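**Q** Listed below, chain by chain, are the residues.
There are 2 protein chains.
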Amino acid sequence: MSVKPTAALAKSRKSGAPETVGDAKRVAVIGAGAMGLGIARSLKRAGLDVAGYDPSPAAKTALIESGIESAASAAAAGADADVLVIAVVDAEQTRSALLGPAGAAGAMKPEGVVIASATVAPDAARALAREVEALGRAYLDAPISGGAAKSATGELIVMASGKPEAFDRARPVLEAMAATVYELGGEAGIGSSFKLINQLLAGVHIAAACEAIAFAKRLGLDLETVYKVVTSSAGNSWMFENRTPHVLAGDYRPLSAVAIFTKDLGIASDVGRASNFPLPMAATALQMFLMTAAAGMGRDDDASVARLFAQIAGLELPAARREH
Amino acid sequence: MSVKPTAALAKSRKSGAPETVGDAKRVAVIGAGAMGLGIARSLKRAGLDVAGYDPSPAAKTALIESGIESAASAAAAGADADVLVIAVVDAEQTRSALLGPAGAAGAMKPEGVVIASATVAPDAARALAREVEALGRAYLDAPISGGAAKSATGELIVMASGKPEAFDRARPVLEAMAATVYELGGEAGIGSSFKLINQLLAGVHIAAACEAIAFAKRLGLDLETVYKVVTSSAGNSWMFENRTPHVLAGDYRPLSAVAIFTKDLGIASDVGRASNFPLPMAATALQMFLMTAAAGMGRDDDASVARLFAQIAGLELPAARREH
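So the protein sequences, as listed, match chains A and B. Residues 0 to 323 in numbering that gives the first Met the number 0 are what the first sequence lists, from first letter to last. Residues 0 to 323 in numbering that gives the first Met the number 0 are what the second sequence lists, from first letter to last.
If you are wondering where the hints come from, they were derived from the structure by calculation, not from laboratory data. The model shown is predicted, which means the values in this text are computed figures rather than measured ones. Beta carbons are placed, not taken as given, at the ideal position from N, Cα and C, and that holds for glycine. Hints are not guaranteed to be accurate.
Stated by the list, open to error - List time: in silico SDA-like cross-link candidates among lysine to any residue, alpha-carbon distance up to 20 Å: (1) Lys162(B) / Asp221(A); (2) Lys162(A) / Gly219(B); (3) Lys108(B) / Ala61(B); (4) Lys162(B) / Thr224(A).
To be verified - What follows is a set of in silico ranges between Cβ atoms, one per label pair, in the way DEER data are often shown: (5) Ala319(A) / Glu186(B): 26 to 34 Å; (6) Pro56(A) / Ala248(B): 51 to 59 Å; (7) Pro244(B) / Ala71(A): 51 to 59 Å; (8) Leu289(B) / Ala148(A): 37 to 45 Å; (9) Thr230(B) / Thr60(A): 34 to 42 Å; (10) Ala148(A) / Gly46(B): 20 to 28 Å; (11) Thr230(B) / Gly219(A): 32 to 40 Å; (12) Gly66(B) / Ala319(A): 57 to 65 Å; (13) Gly219(A) / Glu91(B): 20 to 28 Å; (14) Ala147(B) / Ala57(A): 51 to 59 Å; (15) Leu254(B) / Pro100(A): 56 to 64 Å; (16) Pro56(A) / Arg272(B): 51 to 59 Å; (17) Leu289(B) / Leu254(A): 48 to 56 Å; (18) Gly249(B) / Glu186(A): 24 to 32 Å.
Model the full structure from these sequences, guided by the hints.
**A** Written out as structure tokens, the structure is:
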């Protein structure tokens with residue numbers, strides 16, 4: 000297992016000069032939501048020949064407005080593609096896009112490579128890889144991290160596993176969408192396992208940040224000062240530093256929604272049970288996200304767990320400013 | 000509430016030239032364990048006139064070997080002290096050292112200032128402050144963070160509250176022991192509340208780090224690679240970055256013991272119940288530390304929560320190298 004962060008593209012981005020690829024590969028992007036649209040735009044900016052597909056009319060419009068071909072089906076987008084990026088929500092959508100009635104896998108060039116970026120259980124990634132490989136195409140188990148902002152700038156983190164030759168063929172695409180590509184092993188399932196560990200920690204840390212900032216309010220502390228002290232102390236986490244400002248601004252517009260973590264911690268819970276492994280911290284965090292979703296905030300920002308505490312305990316957390 | 004990080008001393012430390020204080024204040028340090036001994040040495044290095052007290056023979060020897068006066072009682076150490084640093088474990092020991100039969104508070108100079116650094120409940124800090132002030136001395140509610148290493152180098156973080164004039168009189172001592180002194184408010188209880196929030200997060204993050212690294216082992220991942228990927232991703236925390244290497248090295252010699260977190264998350268649990276506030280993440284983490292202590296690892300490093308998972312699930316985490 001080797002870690003090979005690919006920094007080359009991040010560099011070319013900074014210089015402002017998009018790097019064009021000699022043989023202008025044909026690339027399909029399935030799913031043009033917050034992540035997929037950013038990826039499609041990044042690939043186009045890098046000079047690749049991009050077609051997108053998303054069943055939503057709004058997403059179709061967004062593709063067209065970005066000057067990207069909006070195909071009529073996953074199969075149409077994937078026709079003769081060298082590389083196909085799947086930017087959908089879960090394993091079921093991934094399966095449908097690749098292997099369903101109008102699925103794209105069989106339409107790709109014979110040496111085509113699938114980059115499957117949804118967060119799925121490792122077993123699901125292995126099953127998908129087997130089926131795609133049975134059709135003669137290659138599969139990279141390649142979950143992504145970084146959110147819509149890093150997707151838009153082509154600076155995602157990709158945690159990927161798959162055959163070395165698949166990495167070689169997909170590299171121009173990976174480099175156009177990511178600042179860092181971790182090559183984590185030679186078979187599907189490993190990338191998804193890494194993503195699962197990362198999501199477990201991320202979810203626990205968000206729930207903890209929300210619990211701590213709400214408790215600080217109960218204790219009568221100045222929350223801006225709590226933020227300053229914690230972020231310079233041993234209690235800090237990437238998520239505390241990133242999400243607490245949403246609470247301080249009273250801004251719960253979804254940069255990443257509660258529903259992402261009911262899904263991803265749900266996968267962790269499933270995998271834990273399937274492998275007979277207890278995950279008490281992840282299980283508690285999952286319950287906090289479920290309570291927040293049940294209270295009507297599932298589509299709001301995941302920092303809404305703090306609002307759940309405020310509702311329960313009658314706290315006044317900062318309110319949104321008018322201009323929001 | 001203002002945050003005033005005091006960076007002056009950190010600078011003088013780095014230049015290698017300890018800053019001597021003009022009027023060589025008399026300072027007592029009660030408790031000469033991992034934290035207190037480092038504080039006493041830092042104060043002496045800064046040119047202060049230091050007396051220490053600890054009932055343990057080993058600690059007495061350590062004081063003497065550091066060229067620091069080892070007093071026969073807290074009262075003897077505190078006699079005519081300008082400033083007294085309490086570096087004991089909890090509120091009960093703090094009370095005993097200050098206000099017990101051979102307590103130090105009444106022996107100090109009339110304008111003496113107590114720097115109380117144990118992690119205690121905010122109510123306990125308020126009660127101690129009232130009693131010390133009733134004896135005419137000033138009280139800074141001043142929990143510390145940074146561990147034995149930062150204590151030894153005089154680079155602790157102090158989260159303090161108390162009267163401005165008490166801060167003024169204690170400043171040479173605070174600057175000699177700390178890289179950063181947060182002045183968080185004008186009365187006792189605020190410093191302890193900040194420490195409580197920090198410990199809640201720190202404890203949750205250690206439990207989560209141990210759960211995640213053990214789960215990664217169950218999933219068959221290379222743990223060194225997990226460490227590299229997580230520490231550069233959104234799943235990172237200060238504690239994951241700091242404690243996971245103990246697991247990777249199989250080294251559970253206590254830099255900070257499991258018992259610290261059964262204590263500190265116990266305080267969080269008490270304060271939560273007293274203020275009618277649910278703390279599900281902290282409660283779950285507390286149970287993980289209690290299980291680890293119950294399994295015989297209470298005095299080992301707090302990363303031992305990972306060993307608990309390994310015991311339960313039959314995992315082989317890295318073993319210690321022989322030279323340990």
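**Q** Against this structure, judge whether each hint is valid.
**A** Results of checking the hints against the structure:
no.	hint	result
1	Lys162(B) / Asp221(A)	holds (18 Å)
2	Lys162(A) / Gly219(B)	holds (18 Å)
3	Lys108(B) / Ala61(B)	violated (27 Å)
4	Lys162(B) / Thr224(A)	holds (18 Å)
5	Ala319(A) / Glu186(B): 26 to 34 Å	holds (32 Å)
6	Pro56(A) / Ala248(B): 51 to 59 Å	holds (55 Å)
7	Pro244(B) / Ala71(A): 51 to 59 Å	holds (53 Å)
8	Leu289(B) / Ala148(A): 37 to 45 Å	holds (40 Å)
9	Thr230(B) / Thr60(A): 34 to 42 Å	holds (40 Å)
10	Ala148(A) / Gly46(B): 20 to 28 Å	violated (51 Å)
11	Thr230(B) / Gly219(A): 32 to 40 Å	holds (35 Å)
12	Gly66(B) / Ala319(A): 57 to 65 Å	holds (59 Å)
13	Gly219(A) / Glu91(B): 20 to 28 Å	holds (25 Å)
14	Ala147(B) / Ala57(A): 51 to 59 Å	holds (57 Å)
15	Leu254(B) / Pro100(A): 56 to 64 Å	holds (58 Å)
16	Pro56(A) / Arg272(B): 51 to 59 Å	holds (52 Å)
17	Leu289(B) / Leu254(A): 48 to 56 Å	violated (36 Å)
18	Gly249(B) / Glu186(A): 24 to 32 Å	holds (28 Å)
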